[in-house]
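Following the hints, put chain B in place on chain A, whose structure we already have.
Line by line, the protein sequences give chains A and B. Residue numbers in the first sequence follow our numbering, run continuously in steps of one, and reach 267 at the last position. Residue numbers in the second sequence follow our numbering, run continuously in steps of one, and reach 259 at the last position.
For lysine-lysine, the following DSS-like pairs were computed, each having C-alpha atoms within a straight-line distance of at most 25 Å: (1) A/LYS261 <-> B/LYS154; (2) B/LYS111 <-> A/LYS161; (3) B/LYS216 <-> A/LYS9; (4) A/LYS163 <-> B/LYS212.
In case anyone wonders, no lab produced these hints; they're calculated from the structure. Source: prediction; values computed, not measured.
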Amino acid sequence: MIQKIGSIKLTFFSLVLLIVLMGMGIVLSLFPAYTDAIEKMNQTIVYQWIVNTWHEQPLLTTWVLLVTISSAVLFINTACCSMTIQLRTALKTVSVRRWSFFIIHFLFLMVLACHGITMVTGHKQDNIQLCPEDSHLFGDNYRIDVVNVTFSDDPKFLTMKRKKSRHLMTRKNIHPKLNYADIALFQNNRRLDSQRVFMLHPMRYKSIRITVTRFIAKHQNGQQIVGVNLSITRNIFTQFFFTVYALMIITLACFVAITWKPKTQEL
Amino acid sequence: MPPATLPTLYYTVFTLFLIATVLLLAQKKPWARVAMIAGTVIAGMGVVILVATQHRLPLYGAFESTFYILLVVSLLEMVSTRCTGAVHYKGRISLYTGIAVLVILIMEINKPIEFNDDFYMYGNIWVNFFFNLRLMAAAFFIHGAILLNTAAWKRPDKMPEDAVTDCKCRQKKIFYQARNILLTGIVIYLASEWSGSLWCLNWLGDSWRWSKGFFKAAIIFLLVMTSFHLPQPLSNSPRARAIIGSCPALFIIWMIFIH
Chain A
1 MIQKIGSIKL TFFSLVLLIV LMGMGIVLSL FPAYTDAIEK MNQTIVYQWI
51 VNTWHEQPLL TTWVLLVTIS SAVLFINTAC CSMTIQLRTA LKTVSVRRWS
101 FFIIHFLFLM VLACHGITMV TGHKQDNIQL CPEDSHLFGD NYRIDVVNVT
151 FSDDPKFLTM KRKKSRHLMT RKNIHPKLNY ADIALFQNNR RLDSQRVFML
201 HPMRYKSIRI TVTRFIAKHQ NGQQIVGVNL SITRNIFTQF FFTVYALMII
251 TLACFVAITW KPKTQEL
Chain B
1 MPPATLPTLY YTVFTLFLIA TVLLLAQKKP WARVAMIAGT VIAGMGVVIL
51 VATQHRLPLY GAFESTFYIL LVVSLLEMVS TRCTGAVHYK GRISLYTGIA
101 VLVILIMEIN KPIEFNDDFY MYGNIWVNFF FNLRLMAAAF FIHGAILLNT
151 AAWKRPDKMP EDAVTDCKCR QKKIFYQARN ILLTGIVIYL ASEWSGSLWC
201 LNWLGDSWRW SKGFFKAAII FLLVMTSFHL PQPLSNSPRA RAIIGSCPAL
251 FIIWMIFIH
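The following block holds chain B by itself, in its conformation from the complex:
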């Protein structure tokens, strides 16, 4: 593989999502859709190149994590915007997805654009499940946060009464969709943690260990659980639900890309 392949892919994806976001802001939705699909296809190409050359799934490291997460996030965006409940929020979901993808790509701009070292344990199936499913769960949490924020920050109080009822109903539909995505995310995340526990047991003799990694992993689980166990005043507030529901996404981004 020529050395310029991965940087070329990275900057092409970056440009396409930047164009898509600008076009969405300018309300040129059909062209924005073309740019987003092209970006997703190229991110998919990056993942295919990884599997073909390294003979493994995307697991760890800045570049492969970014490409895999943004691929899953943009695929989820495509599925979500086709749902009947999301018709009124279509443009916003796409715009927020474009912004989220750009933020992740910008965070990685100064990091080496290469695949992670082929660590010898990557041949183990549980290691593969642990790292790969964690990235997939991250994509679900990010998409869940996008859905929540898409609906939460509309201002129904400034609308006529019948419009308010309509808006609240649509908002509830999107919130329910976000609930499904977050719950699916936690199922994937727990499957990743289960695999990780088995890996830990076979490698170190324990199903879990006191470590920085364990504390961070526990926080993700607890954050998702918190967003599903909100007491009355908080559970009635869409904005509070959106803020708390976005925490798993923000924390996992920090965990994977910064810390």
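Excised from the complex, chain A in its bound form:
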């Protein structure tokens, strides 16, 4: 039974099914209604998104569930194949070739597991727009205060439409190191940390990440004020994910190098 679940046939069919589903995802994202719904999936944990929107977007929810189920099938298939066939073969004779082959698949399982875990655990809030002196509360009595926002480049780039501004937002016009927000993090009104947050340089406190995704321009009392669009994520697996992912690539590279020359029986 386990050998059937770990068969290459099942691997092949689950991979093909995932390709078809991802292709459907591309087709769905061509329709504006679905583009917005897909974008909303990024603003929260996927599990919460499914619970909240399955009745509004039945097609998209079914599609997400199918992607999840197919990935789970691929996970189980890889796990069965790795633990029965690959590990047994590796244990029989000590061979770098066989061990690296097993490790690649094992690390792939870890990467897939991290993807799955992030769909149901952690905290995620996107598109939080704050101006200087604004506050925002989130899970476990946390609070962030935006103390100050500094935008040294021309603010006209912030009011332009995204497509138009992209051509003008060149390295000559935009200087990421001169634009920042000073953010303070509190829990139960106790100051935990405060950092200067730049684009591409988020604030990190333990597993909490506060990211400036872009600067925004708002009008208050007839004056233009520059604020920030923030994303708050809390994921304890982030570092583990990147480490395992990097190890998988390195092991794969080693496997390619080791097996570069074919064995005589392979020809």
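Same frame as chain A, but now just chain B:
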């Protein structure tokens, strides 16, 4: 840089590869080789001009993607045709490379022949790795597809028996070479995706996001994985292996140049 520089480079490369392909069809291999080397050198000049004037690697946009991919593809062709296993397929590998390069150049003929806008995030190292390695991986997938198709469509059934054994052995060597190229391609591609994940994490707070770009990127990975996980009847058929192994190349060409 004079405005005519890039169009001149583009049309020169186009002409040289067209001449090389015609000469290969006419079996004038030494002259074809000269034309191909000249085309590769000029494509290399385009990349050097980009690095010198824009102070970055080739990353995105029709012109720089085309020149970088065709430079890597033609360099891989030069290396591959020197391998002992590829001796009997030398002419075909060069011909298929010439055709592939021409197809890519024709696809870009109506697009602006200029470097992509110098987006402010191009100063970030992970952005550079993400886009540049993706183009490099595309070149490896294209070369892998060329190798597979070079060997797969020979007709051993119409040969005498001893010739069939020889042909199958040579075919296996080329297939193994293609396997190495595709696996190297996926290592480069995954390194690009890893960098992209880090960029995404620092920019948007997530290591990956549900988006059209993510679906397309996942398809590339899945297509390469599929070509290495073929069940029995398919894995025994060289043509099925060639068709499935060419899918990552075709999809990434569509992803970079059309969509």
